[in-house]
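Please model the complete structure; the sequences and the hints are all you need to start from.
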Amino acid sequence: MSSKSIEDYLKALYILSRNGKSISTTEIAKHFNIAPASVTEMLKKLAKKGYVRYSPYHGAQLTRKGFQVAEKVTRKHRLLERFLHDVLRIREDKVHSEACKMEHALSDEAEESLCRFLKHPDRCPDDNKIIPACDLPFSTCEECIDLHKKDLEESGKREHIPISICQLKEGAHGRISFIRGGHNVLQRLCDMGLTPGTEVTVVKSAPFHGPTEILVRGSRLALGRGVTETIFVEAEKA
Amino acid sequence: MTQKKLIIALAGNANVGKSVIFNYLTGLHQHIGNWPGKTIERAEGTLSFKGYTIDILDLPGIYSLSTYSLEELVSRKYIAVEKPDLVINVVDASVLERNLFFTLQLMELETPMIVALNQVDIAKRKGIEIDTEKLEQLLEVPVIPTVAIKGIGMSQLLEMAIKVIEKGQTTRREVRYGDEVEERIARITETLQGIQFYYPGRYVAVKLLEGDEEIAREVARLAPQAADAAKKLADEIENLHGHPCSTVITSERYEAAGRVARQAQTLVPPVKPTTEERLHNITTHRIAGYLIMVFSLLLIFYAIFTFGNYTSDLLNNLLSGLKPFSTSLFGTGIVGDLVWGGVAEGLIAGVTVALPYIIPFYIVLYFLEDSGYLSRIAFLMDNVMHKIGLHGKAFIPMMLGYGCNVPACLGCRIMETQRERTLAAFVTTLVPCAARTVIILGLVGRFIGIQWALVLYVFDLFVIFALGRLAFRVLPGEPSALIMEMADYRMPDLKTVLKETWFRLAEFIKIAFPLIIVGSLVLKAADVFGLLNPVANLLSPVTVAWLGLPVITGITLIFGVLRKELSLILLAALLAPVGLQALTPVQMVVFTLVAMFYIPCVATISALVREFGGKKALFITLFEIAFAIILGGVALRVLTLVT
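Listed in order, the protein sequences are those of chains E and H. The first sequence stops at residue 238 when you use our numbering, and every number in between is there. The second sequence stops at residue 643 when you use our numbering, and every number in between is there.
Among the hints, erroneous ones may be present.
[To be verified] Derived lysine-lysine pairs resembling DSBU-like cross-links, with alpha carbons at most 35 Å apart: (1) E:LYS21 to H:LYS272; (2) E:LYS169 to H:LYS387; (3) H:LYS387 to E:LYS129.
[Claimed, not checked] Part of the chain H face toward chain E, derived, beta carbon under 7 Å: (4) VAL95; (5) ARG98; (6) THR247; (7) ALA481; (8) ILE483; (9) MET484; (10) GLU485; (11) TYR489; (12) ASN537.
What the hints contain is simulated information worked out from the structure, not anything from laboratory work. Since this is a predicted model, take the numbers as computed values, not measurements. Quick reminder that beta carbons are idealized off the backbone N, C-alpha and C, glycines included.
Now the structure itself:
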């Protein structure tokens with residue numbers, strides 16, 4: 001099993017998963033357009049390596065380790081898409097397959113440089129998905145801009161990559177580490193009590209990518225998908 | 001003895017019972033209008049107390065005094081510039097921390113204030129006990145516990161208000177920020193010395209650090225060097241903390257609010273989930289929630305239309321009975337015709353539509369809003385509305401549209417940005433209102449079959465969706481996502497609901513009636529002077545050649561501009577003695593389709609002008625005329641092919 005196919009599988013699980021729910025074998029098979037039997041085979045191998053939790057009938061779920069790998073490669077993929085699209089002017093419908101090939105070869109160092117070169121983009125060009133956060137220990141992108149490359153190497157890595165609220169399981173808690181977005185939305189969210197360091201609890205989400213219900217400072221808020229994707233938290237172990 | 005006049009403003013978050021307090025204090029002596037030049041509601045009322053005439057102003061419900069929304073800016077400016085004698089800050093005891101965040105911002109404005117700690121009963125049920133005295137000590141302003149819905153604490157609140165105004169408030173609590181922030185505030189305050197501004201100096205300094213647009217603009221005009229310096233200092237804080245300076249300050253303010261809240265309240269969460277909690281869980285459930293929503297909406301529409309139909313007929317018969325009086329007064333000549341056929345029938349039209357449908361619709365709507373159910377519906381419908389570039393809250397004006405498009409257009413104010421308001425208003429004008437329902441049911445439903453009427457409704461939803469998506473693509477700007485509080489369910493206050501209904505109704509009458517009457521008079525005059533047939537002939541290339549309808553439908557469609565269902569009533573009259581059966585089924589469908597979309601009625605157009613200006617209103621109107629004509633012609637050709 002090559003690292004490329006591991007990464008591809010983990011990335012698929014990452015994209016398909018929502019609120020930490022298990023993903024069925026059929027769903028994954030459909031995604032790759034292959035037989036469910038070979039998916040099962042692969043999932044078992046991944047489980048052995050500690051990347052996923054797999055149980056027959058229920059499907060698969062990323063472990064913390066698997067999640068980190070998946071997030072990293074998804075980040076690289078979407079950054080590359082931006083690069084191919086914005087800089088090299090490659091057509092929107094072609095960037096995905098191109099990035100799929102390049103993502104496995106891109107080093108972490110190149111990824112960081114690419115992110116800074118592209119001025120810290122939020123979303124990928126083709127389907128407007130959010131680009132996962134990096135694993136550097138900054139709370140805003142501005143800090144990263146200000147630092148030189150040398151300092152970057154010294155600053156080390158974050159212990160846990162913050163994840164967006166929409167990736168939290170129902171009932172899970174997290175502490176806000178940062179929020180992406182323009183001044184207005186940021187101010188609005190802060191005014192509603194979502195300041196960095198605040199604990200939030202995800203109650204539930206409405207079906208079909210609907211809004212998420214969260215509890216924060218004793219009040220109950222409904223946040224649309226577009227907002228939950230931009231609020232990054234450090235998940236607390238349940 | 002002349003009475004002394006006082007002005008007191010009510011300020012606080014949304015859903016804290018502010019308007020209940022307002023209604024309790026002012027009773028019927030209210031005036032609801034708009035803030036000058038703004039489409040933001042301004043509610044004022046008066047009362048007499050202890051020899052004072054007190055003007056009470058109910059500020060919009062907001063979460064902060066930043067400049068995220070116009071409501072926040074208007075409230076802040078009002079408090080700072082017009083300086084009311086006192087601000088009563090209404091605080092929801094069951095969500096103390098977030099409410100105190102707003103309280104602290106009021107304090108920073110250095111306005112004299114007292115706190116009404118409302119909904120203490122709900123807080124108690126949630127296991128939150130608040131030590132009022134402790135809270136008073138910590139905030140350094142008087143705190144009165146209240147249960148507005150039962151009238152508890154209201155007279156104490158007024159007495160305390162008078163006491164504070166008479167004595168003057170001396171203590172002033174400041175929100176202390178971290179040293180690195182405080183030091184910079186002090187430096188900015190120094191540079192601002194000698195500059196006259198309607199906000200207090202410290203406040204301006206804090207807001208400059210937060211990057212507040214309004215204040216930064218003003219300061220840049222008065223003292224450019226101070227504005228530049230503040231920007232640099234804000235950047236320094238940003239570098240220190242790694243968060244934008246506004247976030248740092250908001251965080252610290254929340255920290256301060258949290259400290260006060262934690263010291264003043266004791267939490268004993270109830271073992272069993274409360275009834276409100278259970279109700280919330282079931283009404284937002286991924287399956288049950290939708291079932292409950294669909295069921296209750298259908299029930300509401302069914303009840304309103306049954307009631308509306310019945311009372312509308314009743315009122316129509318009753319008012320038509322007045323015709324002999326009019327004839328005996330004004331004769332049967334041109335004057336008599338104009339008076340009855342123009343003015344009186346216009347009025348009757350207004351009354352028979354407005355009263356039977358709109359009143360119950362409003363009552364139910366405000367009942368749902370006050371109870372908190374509307375926000376749950378918005379939660380459930382968010383993803384659907386997103387497809388047309390709007391978020392869940394837009395479902396509320398759309399629902400209103402099924403009753404009448406006029407309040408629906410006004411209801412689009414709940415959307416945050418102008419772009420979304422316009423988009424939502426456009427979509428709601430496509431919703432079949434009560435009058436259009438009369439046409440659909442009365443023509444297609446009656447003569448072709450109820451299933452075809454339903455098909456038209458589904459088709460309408462499809463059109464709304466398609467055109468909504470199109471408009472969303474065409475209109476520049478980013479869609480904003482849903483950020484909405486879902487306050488706990490509570491028992492609505494009947495008096496507040498009725499009063500809201502009454503004021504909405506008055507607003508509707510003010511917008512719609514003059515136009516309906518003038519329009520009806522103009523049309524009657526055209527009729528009397530024999531201008532209608534020439535106009536109908538003029539329209540015949542469209543009505544006859546393109547739409548395949550009888551020539552006289554031109555006249556009926558013109559009348560439909562006044563009031564959509566009038567076009568059906570007129571059509572029946574003009575097709576006499578055969579009646580509506582004279583039309584072929586295809587013609588019926590085409591006519592109904594055109595009537596559904598061809599133009600917003602005059603009242604809706606005037607509401608659009610009021611809310612969005614003439615240009616946008618004209619554009620929407622012209623677009624819908626063109627769309628309906630094209631749609632009708634295409635439908636005719638497709639349907640003739642099929643049948």
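Holds or violated: are the alpha carbons of LYS387 (chain H) and LYS129 (chain E) at most 35 Å from each other? The hint holds at about 16 Å.
Does the CB of TYR489 (chain H) sit less than 7 Å away from some CB of chain E? At 11 Å from the nearest chain E Cβ, TYR489 (chain H) fails the 7 Å test, so the hint is violated.
The hint names ILE483 (chain H) as touching chain E; please verify it with the least Cβ-Cβ distance against 7 Å. holds, 6 Å
How about ALA481 (chain H): closest beta carbon in chain E under 7 Å, or not? Cβ of ALA481 (chain H) sits 3 Å from chain E, so the hint holds.
Does VAL95 (chain H) meet its interface restraint, that is, does its C-beta lie within less than 7 Å of any C-beta in chain E? Since chain E brings a Cβ to about 5 Å from VAL95 (chain H), closer than 7 Å, the hint holds.
Straight-line Cα separation of LYS21 (chain E) and LYS272 (chain H) no greater than 35 Å? Given that 35 Å is the threshold and the Cα spacing comes to 27 Å, the pair holds.
Can you confirm whether the C-alpha distance between LYS169 (chain E) and LYS387 (chain H) stays at or below 35 Å? Within the cut-off at roughly 25 Å; holds.
Is the hint on MET484 (chain H) kept, meaning its closest Cβ partner in chain E is under 7 Å away? holds, 5 Å
Taking the closest Cβ pair, is ARG98 (chain H) under 7 Å from chain E? Holds. Min distance 5 Å.
Is the interface hint for GLU485 (chain H) satisfied, with its Cβ closer than 7 Å to some Cβ of chain E? With a minimum Cβ separation of about 6 Å from chain E (threshold 7 Å), the hint on GLU485 (chain H) holds.
Next item in the hint list is ASN537 (chain H). Is there a CB on chain E closer than 7 Å to its CB? ASN537 (chain H) check fails; min Cβ-Cβ to chain E is 52 Å, beyond 7 Å.
Can the hint on THR247 (chain H) be confirmed by a CB-to-CB distance to chain E that is less than 7 Å? holds, 6 Å
Consistency note: the structure conflicts with the earlier hints numbered 11 and 12.
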